[in-house]
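Residue strings, one per chain:
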Amino acid sequence: MKPQKVDTYEQYIQLVERYNHKGRFTNDYLQNEVADLIIHDRLFALCGQDNALLLVQKDGFCRVYYYVNNTEELLVLPESELVTEILFRGENDPETEVQWLERMGFKKNLVRDQYFAKYASLTQPVIIVGVKIEIATAIEDVIWAIRLFNASFDKWSGDYISEAQAQLLIQEKAVLIAKDLLDGKRLGALQFETRQGACWLNHVAVVPEARGKKIGRGLTEAYIEQGHVDDNSRYMLWVQRQNVSAVAMYCNKGFAPMNKSTLSMIKL
Amino acid sequence: MEKLLEILKGIRPDVDFANETALIDDGILDSFDVVSIISELDDAFDVQIRINELDPENFNSAEAIWKLVQELKDKK
Chain A
18 MKPQKVDTYE
28 QYIQLVERYN
38 HKGRFTNDYL
48 QNEVADLIIH
58 DRLFALCGQD
68 NALLLVQKDG
78 FCRVYYYVNN
88 TEELLVLPES
98 ELVTEILFRG
108 ENDPETEVQW
118 LERMGFKKNL
128 VRDQYFAKYA
138 SLTQPVIIVG
148 VKIEIATAIE
158 DVIWAIRLFN
168 ASFDKWSGDY
178 ISEAQAQLLI
188 QEKAVLIAKD
198 LLDGKRLGAL
208 QFETRQGACW
218 LNHVAVVPEA
228 RGKKIGRGLT
238 EAYIEQGHVD
248 DNSRYMLWVQ
258 RQNVSAVAMY
268 CNKGFAPMNK
278 STLSMIKL
Chain B
922 MEKLLEILKG
932 IRPDVDFANE
942 TALIDDGILD
952 SFDVVSIISE
962 LDDAFDVQIR
972 INELDPENFN
982 SAEAIWKLVQ
992 ELKDKK
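Heads up: the protein sequence lines correspond to chains A and B, in order.
Count along the first sequence from 1, add 17, and you get the number used in the working numbering.
Count along the second sequence from 1, add 921, and you get the number used in the working numbering.
Fair warning: there could be bad hints in the mix.
Result set (DSBU-like, lysine-lysine): computed pairs, CA atoms no more than 35 Å apart in a straight line [said to hold, decoys possible]:
| no. | chain 1 | residue 1 | chain 2 | residue 2 |
| --- | --- | --- | --- | --- |
| 1 | A | LYS125 | A | LYS172 |
| 2 | B | LYS930 | A | LYS125 |
| 3 | A | LYS39 | B | LYS994 |
| 4 | B | LYS930 | A | LYS124 |
| 5 | B | LYS988 | A | LYS19 |
| 6 | B | LYS996 | A | LYS270 |
| 7 | A | LYS230 | A | LYS149 |
| 8 | A | LYS231 | A | LYS190 |
| 9 | B | LYS996 | A | LYS231 |
| 10 | B | LYS930 | A | LYS135 |
| 11 | A | LYS196 | A | LYS270 |
| 12 | B | LYS930 | A | LYS172 |
| 13 | B | LYS930 | A | LYS39 |
| 14 | A | LYS190 | A | LYS202 |
| 15 | A | LYS124 | A | LYS172 |
| 16 | A | LYS172 | B | LYS988 |
| 17 | B | LYS924 | A | LYS135 |
| 18 | B | LYS924 | A | LYS270 |
No wet-lab data here; the hints were simulated from the structure.
With the rest of the complex left out, here is chain A:
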């Protein structure tokens, strides 16, 4: 059984109608993206009797979305590298889906939690001495930031940024760079965007030798100011649960968990 390309939106709807039964497990939150994926020949389906997978082709791997009605039915997966994200709420891992995916060769990767803040609930900024933080306007600064992000995060979780996006990021004024005030050495970077009425912190990373010096905090403060319109300005971010120092910093800053988490699982 090989994945079949989904050629039309109607085919996608038919698949959902066939597998979206009461009590099923699904992480199909593609919805708005489906039409675009079909146009670009990037959406495939692997259908069993009771369960189905949607495969989205990415650079060098596929992202997997599922409809599971029968955990006894396993599907024969394609050879390519696969990653899926299970969306869940609360403290506990979604064990049923995890076990089903593990039986098909997936392994647990990362847990991430979503955090939220309104400007009015945030604590006052701290002063970071000896560091200059500003919007990156030079292409070499933005490419340096992209390389730092890509070296700091795994490509499976949607964090990868292509260097081809550098010019666009400059135009959008979307990258903050922290530099040593004295020698201009780059210490860290943050990338953000405004969408859906909120200012999203997408990436933040600090070079290893500058960690523990509140550079991440300083970048976060600068990002907050960039997104500030009024007291109701909204801020969103995802953070790896095991990154306890970052979680503590965001909580101290006034961010609160949104009861929304993802567990990524990979099959290499």
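Following the hints, put chain B in place on chain A, whose structure we already have.
Quick look at chain B alone, frame taken from chain A:
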């Protein structure tokens, strides 16, 4: 309606569902939230929302969601 508000609050405790009227238009709810809401509505009210009924207008407020639930129940 009270039961619906309880469900919505369980999904997104940070959102003021009683007063928000542009939950989708303002990006307060994302597709993960909508999938969760659909699943919870199915469990609580025994109504199935088909994918082609996913009109953003049906999810912009608790009142709109409640209206959709009532319509689906009436259809049964």
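Note to self: Tell me the numbers of any earlier hints that the structure contravenes, in ascending order.
What the structure shows: 5, 6, 9, 16
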